[in-house]
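A.B. asks: Sequence:
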Amino acid sequence: MAARRPNLILVMTDDQGYGDLGCTGNPWVQTPNIDEFFISATRCSDFHVSPLCTPTRGAIMSGRNPLRNGAWATCWGRSILRRDETTMADVFTHNGYRTGMFGKWHLGDNYPYRPQDRGFAKVVAHRGGGVGQTPDFWGNSYFDDTYLHNGKPVAHEGYCTDVWFGEAMSFIEQSRDEPFFCYLATNAPHSPYLVADEYADLYRGNPDIPEPEFYGMITNIDENFGRLVKQLDALELAEDTILIFMTDNGSSGGFVPETGAGYNAGMRGKKGSYYDGGHRVPFFIRWPGGGIGGMRDVREMVTHTDLLPTFIELCGLDEPEHRPFDGMSVAPLLRGERMALPDREVFLQYRQNTDPPRMWENAVMTRDWRLVGGEELYHVSSDPGQVSDVAARYPDIARRLRIAHERWWAEVEPLLEQYCPISIGAEEENPACLGAMDVLGDVAWNQGHIRDAMRSTGCWAVEVERAGHYRFELRRWPRELGLPIDGVLQQAASSAIHPSRARIGIGGFEAVADVPAGAEAVVFEADLQPGRADLDAWFIDADGEERGAYYVYAERV
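For the sequence shown, counting from 1, position 261 maps to 276 in the numbering used here; every step adds exactly one.
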């Protein structure tokens, strides 16, 4: 009989940088369980992701660069993984694995982009880019929240990280007799920095620590990671399980570049930066049955787009039809069969805007060099802190990397104007709730913006899936609150709005209606044909000022 294919558990935390662990040199943070795992693992010491969370997640799921797969920003309709991309979960499902996703997705909250639409059979997740952001269930605050189980809201008790690990461990136990893929992506330690005092108190009062709660969130993650490792041992699964710990971008709360407070492992930059501090992160992997582990260091440059082709090789998976990967399998490095790969150029780029990235807001990486912004050149082999710009000393290298980027740009630029439209009228999600985080314009990306009545402008890119009669509810508050458009929250400070009219436009249909006092929503109905359209939905006050509706529920009736 053929040997059973290995299980795979990918644990990825949010906004935790390379220096935010004891095993990578941090003198203050307490991470004993991850430190112990580090000792038993193979460690990629030059592992790179994107400088922000969505681009990293899309690259991991697809094996393709964010500028190809459409997910190159965190909002603005640009945080969605293209519908025709084959995902990591699709590949594992194709090969008979049980698949589960727990925590943060951030690659699309509506059909056909939700994790349950992209190959994951079991999903327990929040919506948006973080707990408490606009698409999330209203009022979630890291403690005792309501999360979505395959799209259905379920109330939970306890802290968010504890919930994600608990649900993942339940999935693992239920799947112990067949191969499984578990993607456990915590929202912690992403801001807001919220954690029980017992964890934050470990760090309060230390003047060298910028954010004690950020460190406390990491220690809680470490405690949960220890629970997971013990479970694998108790279930006798550790030998046949590929277990990975990594993070999604540079530190957000562990380092202050302006003052030097905190710890950043000697790197320049943090989350969002094209310097290494923005995208070089920890990556530890262990598979005892496959010969991966044992305190071995991989010093070759490895990236997030390498993970999917690597897992395909390690697990012996058949590949369904997919677009060409930008990454490559690094399985020989992890197994110790090779020490290096052919040198290559890797392109890092994102933009926090509806409009596409700009050509030279970027970094080009090779094993030894970093070209930042098309002008600054650093020899990271001798200058890992990227202190000395040597572009004038090595003009031929700078020119070579610029030319490489120009070739790459010519290849991907035609894709950048393409949007990923949200489907309405599909059987899989009807009604669909469109939130102000995904408008192509000025977004209200968290619930605090909505409480403060921050003005949102723009439209949604939508795909009308089926011809039919459609009903649209324009709302200031989500349905679960049951508040009127001109109402305010009683349990939290909020600003009222008093629109007199509402306006909608989609697929050639346009209409205006009065907003009655005390109404929860303004309803429009229209007959639509299938196809791509822009959905405009506005509230208009007595002075004629318009603001976008924060939520629109679109239903084919």
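Treat the hints with care, as some may be off.
As the list claims (entries may be wrong) - Quick list of simulated restraints, FRET-style, between CB atoms:
no., residue 1, residue 2, range
1, Q433, G166, 25 to 31 Å
2, D312, N221, 51 to 57 Å
3, E360, S397, 52 to 58 Å
4, E352, R19, 45 to 51 Å
5, T274, A407, 55 to 61 Å
6, N221, E352, 53 to 59 Å
Unchecked claim - Distance condition first, Cα-Cα at most 20 Å in a straight line; then the derived SDA-like pairs of lysine to any residue:
no., residue 1, residue 2
7, K167, E443
8, K167, W153
9, K245, S55
10, K245, K167
11, K167, V503
12, K245, F152
13, K167, D192
14, K167, D223
15, K167, D542
16, K167, R191
17, K245, E443
18, K245, N445
19, K167, G546
20, K245, E570
21, K245, W153
22, K245, I259
Simulated from the structure, these hints should not be mistaken for lab results. Beta carbons are placed, not taken as given, at the ideal position from N, Cα and C, and that holds for glycine.
A.B. asks: Any hints from earlier that this structure breaks? Give me their numbers in increasing order, please.
C.D. replies: 2, 3, 4, 5, 6, 10, 11, 12, 13, 14, 15, 16, 17, 18, 19, 20 and 21
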